[in-house]
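Going down the list, the protein sequences come from chains A and B. Heads up: the first sequence begins at 1 in the working numbering, then just goes up one per residue. Heads up: the second sequence begins at 1 in the working numbering, then just goes up one per residue.
The hints are simulated quantities; they were obtained by calculation from the structure and are not laboratory data. Any given hint could turn out to be false.
The calculated label-pair distances, taken between Cβ atoms and stated as ranges, are [to be verified]:
no., chain 1, residue 1, chain 2, residue 2, range
1, A, 174, B, 239, 49 to 59 Å
2, B, 237, A, 313, 25 to 35 Å
3, B, 208, A, 200, 53 to 63 Å
Predicted model, so just to flag it, every value in this text is computed and none were measured. Note that CB positions come from ideal geometry on N, CA and C, so glycine has one too.
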Amino acid sequence: MSGILTYALHYEGEFNTNSLGAVSEGAKLAKEIGGDAAVAVVGGDDLTDDLCSSLGKYGASKVYRANAPEGLGAPVVDVMAKVIADEGYSYALFGGGLLGFEIGAGLTARLNAGVTMEVTEVKAQDGKLVAVRPILQDSAIVDVEYVSEPGIIIGRLNAFDVQESGDGSAEVVDVDIQLEEHSTKARMVKRGEQRGADVNIEDAELLVAGGRGLGSAEGFELCEALAEALGGAVAATRAVVDAGWYPYAAQIGQTGKTVAPKLYLAAGISGAIQHKVGMQSSENIVAINKDQNAPIFDFSDLGIVGDLNKILPKLTEAVKAKKG
Amino acid sequence: MKICVLVKEVPDAAVEKRIDSSTKRIDRSGEKNLNPFDTHAIEAAMQVKEGGVVEVEEVVAVTMGPESAFRALHKAVSLGADRSIHLTDEALAGSDCCATGHALAKVLETESPDLVLLGQQSDDGECYTMGAIVADHLKMPSLTQVIKMDVAEGKLTCERQAEYGYDTVEVDLPAVISVGDAINEPRYPSLKAIMGAKKKQLDTKSIGDVGIEADKVGSDGSRTTVLAINPPPEKAAGEIIEDEDTNETVEKIVAWLDERKLLA
Numbered sequence: 001m002s003g004i005l006t007y008a009l010h011y012e013g014e015f016n017t018n019s020l021g022a023v024s025e026g027a028k029l030a031k032e033i034g035g036d037a038a039v040a041v042v043g044g045d046d047l048t049d050d051l052c053s054s055l056g057k058y059g060a061s062k063v064y065r066a067n068a069p070e071g072l073g074a075p076v077v078d079v080m081a082k083v084i085a086d087e088g089y090s091y092a093l094f095g096g097g098l099l100g101f102e103i104g105a106g107l108t109a110r111l112n113a114g115v116t117m118e119v120t121e122v123k124a125q126d127g128k129l130v131a132v133r134p135i136l137q138d139s140a141i142v143d144v145e146y147v148s149e150p151g152i153i154i155g156r157l158n159a160f161d162v163q164e165s166g167d168g169s170a171e172v173v174d175v176d177i178q179l180e181e182h183s184t185k186a187r188m189v190k191r192g193e194q195r196g197a198d199v200n201i202e203d204a205e206l207l208v209a210g211g212r213g214l215g216s217a218e219g220f221e222l223c224e225a226l227a228e229a230l231g232g233a234v235a236a237t238r239a240v241v242d243a244g245w246y247p248y249a250a251q252i253g254q255t256g257k258t259v260a261p262k263l264y265l266a267a268g269i270s271g272a273i274q275h276k277v278g279m280q281s282s283e284n285i286v287a288i289n290k291d292q293n294a295p296i297f298d299f300s301d302l303g304i305v306g307d308l309n310k311i312l313p314k315l316t317e318a319v320k321a322k323k324g
Numbered sequence: 001m002k003i004c005v006l007v008k009e010v011p012d013a014a015v016e017k018r019i020d021s022s023t024k025r026i027d028r029s030g031e032k033n034l035n036p037f038d039t040h041a042i043e044a045a046m047q048v049k050e051g052g053v054v055e056v057e058e059v060v061a062v063t064m065g066p067e068s069a070f071r072a073l074h075k076a077v078s079l080g081a082d083r084s085i086h087l088t089d090e091a092l093a094g095s096d097c098c099a100t101g102h103a104l105a106k107v108l109e110t111e112s113p114d115l116v117l118l119g120q121q122s123d124d125g126e127c128y129t130m131g132a133i134v135a136d137h138l139k140m141p142s143l144t145q146v147i148k149m150d151v152a153e154g155k156l157t158c159e160r161q162a163e164y165g166y167d168t169v170e171v172d173l174p175a176v177i178s179v180g181d182a183i184n185e186p187r188y189p190s191l192k193a194i195m196g197a198k199k200k201q202l203d204t205k206s207i208g209d210v211g212i213e214a215d216k217v218g219s220d221g222s223r224t225t226v227l228a229i230n231p232p233p234e235k236a237a238g239e240i241i242e243d244e245d246t247n248e249t250v251e252k253i254v255a256w257l258d259e260r261k262l263l264a
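Please work from the sequences and hints to get the whole structure.
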């Protein structure tokens, strides 16, 4: 066995940024351990020859294309398991995101393969790959090796940088796939539904983000007032978006957006890993939380332990006064 | 129908977790609790049972873990499960995700559930993967990180957040569904339920009882090995202000922001 098979997710004719990062990483690692840097793509007619071969720009030499339902894990497991069985890839690699977890997990069972998740770095050692992953709320980092091939590597969101390294034309190979019976038993009814207003948080230099600690949807008024005073925008955690307190378009983290503003002021956010991965590159992180043990204080530059209902209104007034 | 809920005992969130440097495994001594995400899975099972759309004969909590893990099962039945199964065997120690998934699938096979529910992640391992691993072994469809689940005869309609927004997916039963914490607000067990938990049937099983071969689990069955454990990169600790006088606190925040030219 040799080489690396990476999964690339696409939607409406465009590849996912995290997938392109994984493709770039796969290409870099394949150079070090030898073998093909291949990519598996699964979907319908929008996977044109041009779109697929464009993955060559990120270093892919071969793209396996299969016609099967998209947006669900099991069909991709079937495709990748077949390609690995037929072509003998040593590793399967995934960028951050929900589908990568599902597909990687399915492959683990199907191929009796080792799996690592939330991987932040992959090292090539003696022709093999070692996955590096933080564990226990990032309080320790472990190096994990695989005792057999193939090995499954599921990256953390934004762990792998997108790098253009190739000449832009990968060979496209069509895979004839017969789905497993259980892979046909989940059907997408509606995909990619946007809920709530469309807000733009990616261009804001100053963000005030609210979490469960705000207590209710009304709590966001405090964030909105402060954001307005600062001249910034309001963002939110997954928990409050799922609870319907704030629009999906404002969500930061694992299944939301990734931001790196000059100021990220987190109000009532505990700082779970799923949130951290979407905002940890912010230049200045300020956190207000009543729980002094909240993980967010481990990676904030300024932490305030206190009641945000008392602090936010006064802070808004003080910012207004300062800015005149 | 029969619902099995996979649960796990994890170190209490308030207790600092550590790695045993000699075994390179999580030190599982100290205070334990039922994985918080699993309480949402039990609640989801109870809501199906009480919802009246389909008839649920029983809800069975299933765990794999050391002897002490029965406490997670007591908690699970106090939250409403009818009985529980504890897979425990020295041969299981040191199992990675691959070996654990195999073992759990073997136990579930003996129960033939129509629906398997579990929390989307565990508080200690942050795995996210167990639902899809178990599902593929059982040849069932699966969906993870589900935040809304409607049950009908023979199928479920589930919602979740995926890469591009909310997805709605229809899944035929039997199926494996991992749930997120937004799916429901778990109930608190009544005192009566807590007291009665010990009286509910709890079956302790060894690997031989459910047909697991010893070389498929534990260290022998694991496909990964931990080579090294390192501390995270040093990051300068941030400044912390305890809010005692809010006016003073706010003054300090404004000065801090101003120093960094964030109020320009």
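Structure-based check of each hint:
no., hint, result
1, A:174 <-> B:239: 49 to 59 Å, "holds, 58 Å"
2, B:237 <-> A:313: 25 to 35 Å, "holds, 28 Å"
3, B:208 <-> A:200: 53 to 63 Å, "holds, 60 Å"
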